[in-house]
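Asks: For the sequence shown, position 129 (counting from the first letter as 1) is numbered 129 according to our numbering, and the numbering increases by one without interruption.
One or more hints might be untrue.
[Unchecked claim] No farther apart than 20 angstroms at their CA atoms in a straight line, the calculated lysine to aspartate or glutamate pairs in the EDC-like style are these:
(1) Lys40 x Asp61
(2) Lys89 x Asp61
(3) Lys40 x Glu58
Rather than coming from a laboratory, the hints here were simulated on the basis of the structure.
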Amino acid sequence: MMLQIAPLDWQPEIVVVEQQAHALAWSERLLQSCFGSGYKNWGAWVDQHLAAFLIVQEVLDEWTVMNIATAARFQRQGVATQLIQHLQKQASQQQAIIWLEVRASNLAAIQLYLKCGFVERGKRAQYYRNADDTREDAIVMSWQA
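Can you make the complete structure from the sequences, with help from the hints?
Replies: Structure, rendered in structure tokens:
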């Protein structure tokens, strides 16, 4: 699989990937609001198909991962790992710290972030809403070169 990572401009396919990746997907309007000043966004393409995307909010030397999503047919193939590694390279060049929150139940994502060198910094109690209207904690993690 030949993967190409590059800066991402808005395209409707982002909504499709988001819906495949997350049970409580962001709306098209919310996704579009993350394409402008203060954001750095990257896409991962396989054969000209958007396989995954990464949305990062930039405030000075702190970058926050707002969303990462991988299309269903590309999940569990290392695409998200390569996107995170690309982000780390970019952040290292800018001497930026990367922050993120992840659902406490999302063990696969937590393992990915730990494998990529992220460190758990704390928790946000009842941060995420679940489909059944219950709440779930977020694990706060960071990475710095």
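Asks: Against the structure shown, which of the earlier numbered hints fail to hold, in ascending order?
Replies: Nothing - there is no hint that the structure violates, so all of them hold.
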